[in-house]
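Q: Put together the whole structure using the sequences plus the hints.
There are 2 protein chains.
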Amino acid sequence: MASGQRGPRRRDVLVGAAGIGLGAAAAIGVGSAVRAAAGEPTFGTSRVVDTSPHQPGIGTAGAHGVFIAVDLAESVDRDRLIRLLRLLTDDALRLMAGQAPIGDQEPEMAEVPANLAITFGFGPRVVELADPAAMPEWLGPLPSFSIDQLEDRWSDGDLLMLVAGDDPLSVAHAQRMLLKDVRAFSTIRWQQTGFRNARGALKEGTTQRNLFGQIDGTANPQPGTAEFDRVVWTGAAHPSTGRGGAVPEWLVGGTSLVLRRIHMNLETWDEVDRPGREASVGRRLDTGAPLTGSAEHDEPDFEARTPQGFTVINPVSHMRRSRPDDPTQRIFRQTYNYDHPVAGVGGMGAEVSDSGLLFASYQANPATQFVPIQQRLADGDLLNTWTVPVGSAVFAIPPAAPPGGFIGEQLFQ
Amino acid sequence: MASGQRGPRRRDVLVGAAGIGLGAAAAIGVGSAVRAAAGEPTFGTSRVVDTSPHQPGIGTAGAHGVFIAVDLAESVDRDRLIRLLRLLTDDALRLMAGQAPIGDQEPEMAEVPANLAITFGFGPRVVELADPAAMPEWLGPLPSFSIDQLEDRWSDGDLLMLVAGDDPLSVAHAQRMLLKDVRAFSTIRWQQTGFRNARGALKEGTTQRNLFGQIDGTANPQPGTAEFDRVVWTGAAHPSTGRGGAVPEWLVGGTSLVLRRIHMNLETWDEVDRPGREASVGRRLDTGAPLTGSAEHDEPDFEARTPQGFTVINPVSHMRRSRPDDPTQRIFRQTYNYDHPVAGVGGMGAEVSDSGLLFASYQANPATQFVPIQQRLADGDLLNTWTVPVGSAVFAIPPAAPPGGFIGEQLFQ
Chain A
1 MASGQRGPRR
11 RDVLVGAAGI
21 GLGAAAAIGV
31 GSAVRAAAGE
41 PTFGTSRVVD
51 TSPHQPGIGT
61 AGAHGVFIAV
71 DLAESVDRDR
81 LIRLLRLLTD
91 DALRLMAGQA
101 PIGDQEPEMA
111 EVPANLAITF
121 GFGPRVVELA
131 DPAAMPEWLG
141 PLPSFSIDQL
151 EDRWSDGDLL
161 MLVAGDDPLS
171 VAHAQRMLLK
181 DVRAFSTIRW
191 QQTGFRNARG
201 ALKEGTTQRN
211 LFGQIDGTAN
221 PQPGTAEFDR
231 VVWTGAAHPS
241 TGRGGAVPEW
251 LVGGTSLVLR
261 RIHMNLETWD
271 EVDRPGREAS
281 VGRRLDTGAP
291 LTGSAEHDEP
301 DFEARTPQGF
311 TVINPVSHMR
321 RSRPDDPTQR
331 IFRQTYNYDH
341 PVAGVGGMGA
351 EVSDSGLLFA
361 SYQANPATQF
371 VPIQQRLADG
381 DLLNTWTVPV
391 GSAVFAIPPA
401 APPGGFIGEQ
411 LFQ
Chain B
414 MASGQRGPRR
424 RDVLVGAAGI
434 GLGAAAAIGV
444 GSAVRAAAGE
454 PTFGTSRVVD
464 TSPHQPGIGT
474 AGAHGVFIAV
484 DLAESVDRDR
494 LIRLLRLLTD
504 DALRLMAGQA
514 PIGDQEPEMA
524 EVPANLAITF
534 GFGPRVVELA
544 DPAAMPEWLG
554 PLPSFSIDQL
564 EDRWSDGDLL
574 MLVAGDDPLS
584 VAHAQRMLLK
594 DVRAFSTIRW
604 QQTGFRNARG
614 ALKEGTTQRN
624 LFGQIDGTAN
634 PQPGTAEFDR
644 VVWTGAAHPS
654 TGRGGAVPEW
664 LVGGTSLVLR
674 RIHMNLETWD
684 EVDRPGREAS
694 VGRRLDTGAP
704 LTGSAEHDEP
714 DFEARTPQGF
724 TVINPVSHMR
734 RSRPDDPTQR
744 IFRQTYNYDH
754 PVAGVGGMGA
764 EVSDSGLLFA
774 SYQANPATQF
784 VPIQQRLADG
794 DLLNTWTVPV
804 GSAVFAIPPA
814 APPGGFIGEQ
824 LFQ
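For the protein sequence lines, the chains are A and B, in the order given.
The numbering of the first sequence is our numbering, which starts it at 1 and goes up by one.
The numbering of the second sequence is our numbering, which starts it at 414 and goes up by one.
Hints are not guaranteed to be accurate.
Stated by the list, open to error - Capping the alpha-carbon separation at 20 Å, the derived lysine to aspartate or glutamate pairs in EDC-like fashion look like this: (1) B:K616 - A:E111; (2) A:K203 - A:E296; (3) B:K616 - B:D629; (4) B:K616 - A:D216; (5) B:K616 - B:D699; (6) A:K203 - A:D286; (7) A:K203 - A:D216; (8) A:K203 - B:E521; (9) A:K203 - B:D699; (10) B:K616 - B:E684.
Calculated from the structure, these hints are not laboratory results.
Given the structure is predicted, the values throughout are model-derived calculations rather than measurements.
A: Pasting the structure below:
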């Protein structure tokens, strides 16, 4: 039956090949923005637009996402790491283009990318292997916060792969292809799967709700704006990127990802009535408007007072505490919900699901942008009553691979 | 803050109310087919069409589905069971109509039903409590098959709730509302979550692939046809429904659900090349055509032979073994994929995901329609090399609730 086999079957063939990155890039026409044909009634063949010099998947979120962190094997040295990164780059480019990676045994499953976007991130170990002098000062675990109840099984990791797209089968296939790539080099540390509203379920531009029913992410900078660029991309003209150390040159055009796994207790949240919930957040639950306004994007008035003399917006509300007075303390959040079944429970008050947020935050410098916000929330935020951070990881997100090159190649110069 | 509270907060208010089923049905206009407004650019507000006298969700599968089985508490008697079923019926009707159930603390999340469909099923315990004389002969565990490696945690149960729809947030919200209903009455036995291609990812009518990359379900009867009706609905003019006992009158217009959780070993499947895979199934992987044909729906020729004298379609292939010679042995399958992350594994050959199929099969009589097929596959099917049934459950699926009544009310007459 071997005569009918298509192409190389063993991925080792590929791992040993030189220059595959270049070949793959040429083959799939990377660098041009590719869209599904006009009039196509489905979005299955839609591909993400080219986002060079940045990686794809930042600022546009597929409906389904899985964050995967692996720990590199002891035996992985600089050369093996480069081989792995070449392999991953090649496979990711093909998958995003709707083409099967070499050695894909289910190539038809690659034909429905549905806006598949694959984003890679590096933990400290990758930088150490490549160029220890190029370590960003902020790359490593965050300072610990009083609210944290972190578990190793949801924290840290050497290499991040974020696979996101609008079709869960496409995401599952891409996830599997990448896991096949990495397993000779590493151990899976964690995989965290999440979802947002389905593509097409909400009008474009609608801010989504989380499992608490809150409109979640109103204050986000809008992708495509200068403010977004300043907040997110390393090396852009944002005052905060220069703080806490020089910008590592290899990261220009990249960013950082802080992934916090935040457990949300839906049972105790249920015990709170709507006014109590709205006071905790500082916003109306129906429209997302600040309690001092009438529309979602109205500016809150933190000085407005009730007839009794209290501020309308509670000073310990989530909105008040998360909003910085320092305009450089901004982040771009791109969150996914998780909601995993629990079995064997009954009775009132038992948690019937393991639910929460995969709170993914992108910013040029987590030390100066993310940490001050998180510190304020840890010091006081009414929402902390019902939420607990159970996982935390920080990754450097390199810029897009250079044409014909591999992801993070700038770090290996 | 209680003055701002909307509507009853405690669901106990509802549990004690009489005639709520009628009120809810009147309020939401059940009985009329409801669709999103024409020209609506999104499908979030789309509602399932009325399927009376049958329950919704059978023949049309949302992209996301969760099967939930609960075990009733010892204290649940006939009267409490009726109260529970009234409550569930009312909440399900509202949720499917895009309205919040009474006491919903996140009513905005109900506004995006996205074709939400909720289907209920009864295990033997419900029938015993209602009317032991009305027990279908087939309601209970299937005969054991040699291939089974069943686990209690994925098997059996007293009451089934299947929540399916095209938006994962909508499904999560409905799931939670129903779990809140049942928890004072029962313990969650299992929850099994699965996915299909996203709505809009594939052209209408395309047969989907499973995680083995196979086009899966080609031979299914098409919903809306007389054959579908004969295969699925109890009491329709299908010869098989009369076998193995009289048709219980309360089930006329209902059906049965067999849910088999089938683990698929993607690692050992990977070791098989394409000709080997195609021989195992009896179909081409690219088009799904029988190995003797050229298009997916071509009739297979089981007599066709190779020049060497072997049948082109292996007699132990999945297609050959699953296809009955007796035309009454047909089922309607509506499967979901599952793909759950595994952590802490590495190296070649380790299973990096817990993957498989939630194989949901609807048929008027499982004893005469499902069991003979499953027995043949257990006796010999090349696909068994890579698949293992790890869960099994059978439920009676009552017809739609009578107007103003509750689900299964026909059983309680």
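Q: Going straight from one Cα to the other, do K616 (chain B) and E111 (chain A) come out at no more than 20 Å?
A: Roughly 13 Å between the alpha carbons, so the hint for K616 (chain B) and E111 (chain A) holds.
Q: Keeping to a limit of 20 Å between CA atoms, is the pair of K616 (chain B) and D216 (chain A) held or broken?
A: violated (32 Å)
Q: Need the status of pair K203 (chain A), D216 (chain A): alpha-carbon distance at most 20 Å?
A: Judged against 20 Å, a Cα distance of about 16 Å means the pair holds.
Q: K616 (chain B) and D629 (chain B) were given as a pair; does the straight-line alpha-carbon distance stay at or below 20 Å?
A: The hint holds at about 16 Å.
Q: With the threshold set at 20 Å, check whether the alpha-carbon distance from K616 (chain B) to E684 (chain B) stays at or below it.
A: violated (31 Å)
Q: Holds or violated: K203 (chain A) with E521 (chain B), Cα cutoff 20 Å?
A: Holds. K203 (chain A) to E521 (chain B) sits at ~15 Å (cutoff 20 Å).
Q: Given the hint that K203 (chain A) pairs with E296 (chain A), test it: the Cα-Cα distance must not exceed 20 Å.
A: holds (15 Å)
Q: Is K203 (chain A) close enough to D699 (chain B), meaning Cα to Cα at most 20 Å?
A: violated (35 Å)
Q: Regarding the pair K616 (chain B) and D699 (chain B), is the alpha-carbon distance no greater than 20 Å?
A: holds (16 Å)
Q: Does K203 (chain A) pair with D286 (chain A) here, judged by a C-alpha cut-off of 20 Å?
A: At roughly 16 Å apart (the allowed maximum being 20 Å), D286 (chain A) and K203 (chain A) satisfy the hint.
Against the hints set out earlier in the document, violations occur for numbers 4, 9, 10.
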